[in-house]
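S.K.: Listed here are the chains, written in short residue letters.
Number of protein chains: 2
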Amino acid sequence: MRLAKPLAPGSTIGIFGGGQLGRMLALAAGQLGFKCHIFAPEEDSPAFQVSAAHTVAGYHDFAALETFAKKVDVVTYEFENVPSDTAAFLESQALLAPSSAALRTAQDRIDEKIFIAGLGIPVAPFAAVNSEADLHNAIARIGRPAVLKTRRFGYDGKGQTKIAADTSTGVAWAEIGKAPAILEGFISFNKEISVIAARGWGGVIAVYDVPENHHENHILKTSTVPAGISRATAEEAREVARTIIAALDYVGVMGIEMFVSGTKLIVNEFAPRVHNSGHWTQDACVVSQFEQHIRAICGWPLGSTERHSNVVMHNILGGESARWAEYGASARTGVHFYGKAEARRGRKMGHINVLTPRQG
Amino acid sequence: MRLAKPLAPGSTIGIFGGGQLGRMLALAAGQLGFKCHIFAPEEDSPAFQVSAAHTVAGYHDFAALETFAKKVDVVTYEFENVPSDTAAFLESQALLAPSSAALRTAQDRIDEKIFIAGLGIPVAPFAAVNSEADLHNAIARIGRPAVLKTRRFGYDGKGQTKIAADTSTGVAWAEIGKAPAILEGFISFNKEISVIAARGWGGVIAVYDVPENHHENHILKTSTVPAGISRATAEEAREVARTIIAALDYVGVMGIEMFVSGTKLIVNEFAPRVHNSGHWTQDACVVSQFEQHIRAICGWPLGSTERHSNVVMHNILGGESARWAEYGASARTGVHFYGKAEARRGRKMGHINVLTPRQG
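Protein chains in written order, with the numbering used here: chain A, 1 to 360; chain B, 1 to 360.
Take these hints with a grain of salt, some might be off.
[To be verified] Label pairs and their computed distance ranges (CB to CB):
{"hint": "1", "chain 1": "A", "residue 1": "342", "chain 2": "B", "residue 2": "43", "range": "31 to 37 Å"}
{"hint": "2", "chain 1": "B", "residue 1": "180", "chain 2": "A", "residue 2": "41", "range": "55 to 61 Å"}
{"hint": "3", "chain 1": "B", "residue 1": "331", "chain 2": "A", "residue 2": "174", "range": "42 to 48 Å"}
{"hint": "4", "chain 1": "A", "residue 1": "85", "chain 2": "B", "residue 2": "44", "range": "50 to 56 Å"}
{"hint": "5", "chain 1": "B", "residue 1": "322", "chain 2": "A", "residue 2": "356", "range": "38 to 44 Å"}
{"hint": "6", "chain 1": "B", "residue 1": "249", "chain 2": "A", "residue 2": "342", "range": "33 to 39 Å"}
{"hint": "7", "chain 1": "B", "residue 1": "43", "chain 2": "A", "residue 2": "261", "range": "55 to 61 Å"}
{"hint": "8", "chain 1": "A", "residue 1": "356", "chain 2": "B", "residue 2": "239", "range": "26 to 32 Å"}
{"hint": "9", "chain 1": "B", "residue 1": "5", "chain 2": "A", "residue 2": "263", "range": "39 to 45 Å"}
Just so you know, these hints were derived from the structure itself, not from any lab. For every residue, glycine included, the Cβ atom is placed at its ideal position computed from N, Cα and C.
Generate coordinates for the entire structure from the input sequences, incorporating the hints supplied.
M.R.: Structure below.
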């Protein structure tokens, strides 16, 4: 289903998933005068706090899904692990953006790799792994070190294990639960970057400046803009993002992770949603990635991606959230907390955007 | 009552009043990880849309007020016409900021003028008017033209009438409903400006840059920053604001309206709340007036008032709201809508902040 006409302020946006991304989408929607309805299974979902309407129900509660779909003018989601039958059902009942087809491609690491490689864009060497024997053969072909990942439902380093020089295939195969998997060749990279791109129903594309990302324990720790890469590499990365988002006939904001290896760009993966490495846009741009996503799915003109400041985004993880007063006292610092009660180790509790005057 | 210790993210802020200012306060509170509970008498209050919790009850429903006060960690308000007995009751049940004393001074145009004049700050010539005879005498003393205003409950030009050369005192007195009033001498001014100032529980003050304001039909139409005034006049205006906010032992954000007459500053009035002429801070500063108010009342460090861009704020009034797609298509433009269904003539439906690179 396509959008018949742009949604005016006062329309209702259905958000599937109730975490911090849903919360920040709802806040951006609120700024533009939209109402939101959040659908999530957890009673204490952070996004519920910033919206008048929510539904607590499981992702397979089709009666609740049907009622939800009737109440909203468009449905979007804040996480890529929406079950595919759920996405298909929502799409049959309401306008869904991004589409279930885009979601499906992003959900399966092998489909994703084949799709990207099919566009002529470099990816890491990979092989499908459905058994320990497959794994053995794949290692023989791709070499060590390598990374074994479940095909589906991985995030923040979950569902993956490294194949080092001495890793036993049996242990690795057990480690990821003997689930359908992908073996990816290890990329020796100089930098990790990402591109936040948006595309509207009419095909217009807007791409933000490129952040350079640093991970700790597989969790994003900082995003720095501008990235320490050449202007040519940055423009190439943005062009790769444009190619992917257009080929998917995508509507909304997408985050595309890439490695820079020498002068070569290799796409790691894309997420069919707003992305942690795009949080810096909240304080360094007039239109944040969250507002951009709302604009895209509602058929609004996309906003300018112009950046008025240089910026470093720091994730606030686990117990670091106790330092809120310190963050609040920092100059030129945008403070964002997600309303999560329990500061579990490694849990994303908030982030700060530290600005400096723009240079270059 | 004073704040015992700063309120951590996750605390609940009670907001009294459900209009656009309450809505934008709630959105700012949500960014910092706070929960909100909105109290307003109208079922379809714009602020309800962006908060999980609200109470629909009258401002004199003391049972509802008591329940509300118990659920929140601090209470603030978005409008200056909170009945004084309601404010006093809330203050007895919860932490209220700004205080009922500050509210009381702001609610009565004569108390306000006496308070400001008592600080050695110029105000327009004024006289109390409680009868047509009073009005006659006041005009004899102050001269024509002048403005007759009700002492209490006026806003956006409501509750006031001009005394021109030929205005009959009887007609003017009837015009404002024969309510207790103030006659103010007409100020011949070059510009209207305002100052948005914030003060925390500990007495720290933060003041934003000075906007120049243009009104149409007594309703704010634009605020432009920087104002077309000298650096010395701007600094003097900020100092006047510091003097007033400190003298009131005020906690929160306040808007102080002033006239610039030649090189002289004359204070018109102050509003004990976030102010329409401070909306530009949402897109031209890292910390908006709304976040600043939340920081102040919650005992957080005040944020920097630094401005990274020049900006013009335009109010979107009545039927102009139909032009949302045009606003959305404008570059470097922050778009804000309030979720109001009915675009009545002159009603504040939203605003835009149009940025240009900072110069000076």
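S.K.: Each hint should be assessed against the structure and marked as holding or not.
M.R.: Against the structure, the hints:
{"no.": "1", "hint": "A:342 - B:43: 31 to 37 Å", "verdict": "holds, 35 Å"}
{"no.": "2", "hint": "B:180 - A:41: 55 to 61 Å", "verdict": "holds, 58 Å"}
{"no.": "3", "hint": "B:331 - A:174: 42 to 48 Å", "verdict": "violated, 55 Å"}
{"no.": "4", "hint": "A:85 - B:44: 50 to 56 Å", "verdict": "violated, 37 Å"}
{"no.": "5", "hint": "B:322 - A:356: 38 to 44 Å", "verdict": "holds, 40 Å"}
{"no.": "6", "hint": "B:249 - A:342: 33 to 39 Å", "verdict": "holds, 38 Å"}
{"no.": "7", "hint": "B:43 - A:261: 55 to 61 Å", "verdict": "holds, 59 Å"}
{"no.": "8", "hint": "A:356 - B:239: 26 to 32 Å", "verdict": "holds, 29 Å"}
{"no.": "9", "hint": "B:5 - A:263: 39 to 45 Å", "verdict": "violated, 54 Å"}
Checked against the numbered hints given earlier, the structure breaks hints 3, 4 and 9 and satisfies all the rest.
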